[in-house]
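Add chains L, D and F to chain Z, keeping to what the hints say.
Chain order of the listed sequences is Z, L, D and F. For the record, in the first sequence the residue sitting at position 5 is 0 according to this note's numbering, with numbers rising by one throughout. For the record, in the second sequence the residue sitting at position 130 is 125 according to this note's numbering, with numbers rising by one throughout. For the record, in the third sequence the residue sitting at position 87 is 82 according to this note's numbering, with numbers rising by one throughout. For the record, in the fourth sequence the residue sitting at position 40 is 35 according to this note's numbering, with numbers rising by one throughout.
Just to be clear, a hint being listed does not mean it is correct.
Unchecked claim - One side of the interface only, derived from the structure: several residues of chain F facing chain Z at Cβ under 8 Å:
id : residue
1  : K79
2  : N81
3  : L83
4  : V98
5  : K99
6  : V106
7  : I124
8  : Q126
9  : T128
As the list claims (entries may be wrong) - Pairs of lysine to aspartate or glutamate residues, derived as EDC-like cross-links and limited to a Cα-Cα distance of at most 20 Å, are as follows:
id : chain 1 : residue 1 : chain 2 : residue 2
10 : Z       : K99       : F       : D115
11 : F       : K99       : Z       : E119
12 : D       : K92       : D       : D(-3)
If you're looking for bench data, these hints aren't it; they were derived computationally from the structure. Since the model is a prediction, treat every value here as computed from it, not as a measurement. Beta carbons are placed, not taken as given, at the ideal position from N, Cα and C, and that holds for glycine.
Protein chains: 4
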Amino acid sequence: MDQDARDRIAESFAAQTMMATLGAELAEVAEGAVTITAPILPGTRQQQGFGHAGLTFSIGDSSAGYAALTMLPLDQEVVTAEIKINLLAPARGEVLKAKGRVVKPGRRLCVVTSEVFAVDQGVETLIAILQGTMVPVPRS
Amino acid sequence: MDQDARDRIAESFAAQTMMATLGAELAEVAEGAVTITAPILPGTRQQQGFGHAGLTFSIGDSSAGYAALTMLPLDQEVVTAEIKINLLAPARGEVLKAKGRVVKPGRRLCVVTSEVFAVDQGVETLIAILQGTMVPVPRS
Amino acid sequence: MDQDARDRIAESFAAQTMMATLGAELAEVAEGAVTITAPILPGTRQQQGFGHAGLTFSIGDSSAGYAALTMLPLDQEVVTAEIKINLLAPARGEVLKAKGRVVKPGRRLCVVTSEVFAVDQGVETLIAILQGTMVPVPRS
Amino acid sequence: MDQDARDRIAESFAAQTMMATLGAELAEVAEGAVTITAPILPGTRQQQGFGHAGLTFSIGDSSAGYAALTMLPLDQEVVTAEIKINLLAPARGEVLKAKGRVVKPGRRLCVVTSEVFAVDQGVETLIAILQGTMVPVPRS
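Isolated chain Z, as found in the complex (with noise of 0.2 Å):
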């Protein structure tokens, strides 16, 4: 990948103000891979005291969806169509670490997947699988 397509998914992630509020970051961005970390902050969490399965989603479908962008045109984006989690475990610990991938790129559809994992001491834990469809649309 090049520093311009490096830079446009920088760019797309940092406008998204969801990002922010869940404290997510963009930590490695490979051709058809990205990985997104968050850590299990006070105001995400559900009524156990764990990650709420909206953060889960959240870096889940970023991972996914941002690993669908880098393997696309500069003057695209991309936008969810769908996408199905399974969760396996408790968010129990201190980060989400996001590993999106794709599947089989596509001009009208990209099939992505993405393994979400809890760090709890060092110790990572695969709490959740997702897989969906990315739509590629026009970069506003």
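Leaving out everything else, chains L, D and F in the frame of chain Z:
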């Protein structure tokens, strides 16, 4: 529904700090049907300025989960096993409204759906549908 | 719907040899809504003797796809991009009935649902719900 | 896996008449991983002459279900609670091969995936991915 059942939902909702972060409110609670609303805040947007998919998901998922909880004994909680969201239109407007509903209650699994609407100057548009599975667990 | 539109659906259905193998029939065709029925044949069962999930899926998916097709120009076909099924109860009885419906039509993507019922001695039970995405493609 | 565990899978598979109708065979059985193959028969096609999504789904779903069953006690069966399929490419070729895998085993719920490949003149193409939930039930 009696007052104990209503209180249980309200207490669980209040304990989800994510709901406060998103500005979400419990708008209606009936047996098998719960509505949650949330404004599209400056801090919950995607890169084009519309509401973030993570916001839409969070209130859609929670409305479906609480709809399931209305049909369970008072000593139970629910967790999301899996849920899928199809996004139909941008989350444009002032507020989102998620209407969760139980399709099939059960002691082991509850199948649920949710419809999420965006309200823009009084006009409601369906922007997402969700279909998922909630699992009853003992209340902690 | 005019006769050309009806003929197009009937021709496409007849060309799906899988439908004949399953004994499936096109029961009702209206704009945005298609019903397909299929008997639970000796050869389409799972290990407990009920209708196979593959049977339920096949007619659920097809009813949703043809519902989408009713809303498209005559020179188009649809293919399933993705679909999810939640199975609610065993497929017990004589015949299954799948009611497909368009939730959001579109030139690029159509969002669809289907409800599948089992009919057992005249009593209908909802046994599955599906939610998915159909993609219009040029008719070959 | 011992012989009793293998026999249980083979017996259950043989009892699914749908598998025989589709010409499906149990190709490989290992702990947490099962492969099922099926020819694209004249009677299991869609309207363009490719393998029907119902065929792809049936063997994808069954491969994932039997993968789950390899990790359960001998007095258990599994049923599919829900599963989602993303179709990536037409089912073109002579035979389909579904590789089911357990992502997260469990006594109440097993999370599974499956990858389905089409084999066309010796070349394998990934045509579908599935992600779902299996539920253990007492063996009847």
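Each hint tested on the structure:
{"no.": "1", "hint": "K79", "verdict": "holds (5 Å)"}
{"no.": "2", "hint": "N81", "verdict": "holds (5 Å)"}
{"no.": "3", "hint": "L83", "verdict": "holds (4 Å)"}
{"no.": "4", "hint": "V98", "verdict": "holds (6 Å)"}
{"no.": "5", "hint": "K99", "verdict": "holds (4 Å)"}
{"no.": "6", "hint": "V106", "verdict": "holds (5 Å)"}
{"no.": "7", "hint": "I124", "verdict": "holds (6 Å)"}
{"no.": "8", "hint": "Q126", "verdict": "holds (4 Å)"}
{"no.": "9", "hint": "T128", "verdict": "holds (7 Å)"}
{"no.": "10", "hint": "Z:K99 to F:D115", "verdict": "holds (19 Å)"}
{"no.": "11", "hint": "F:K99 to Z:E119", "verdict": "holds (15 Å)"}
{"no.": "12", "hint": "D:K92 to D:D(-3)", "verdict": "violated (24 Å)"}
Violated hint: 12 only; the structure is consistent with all others.
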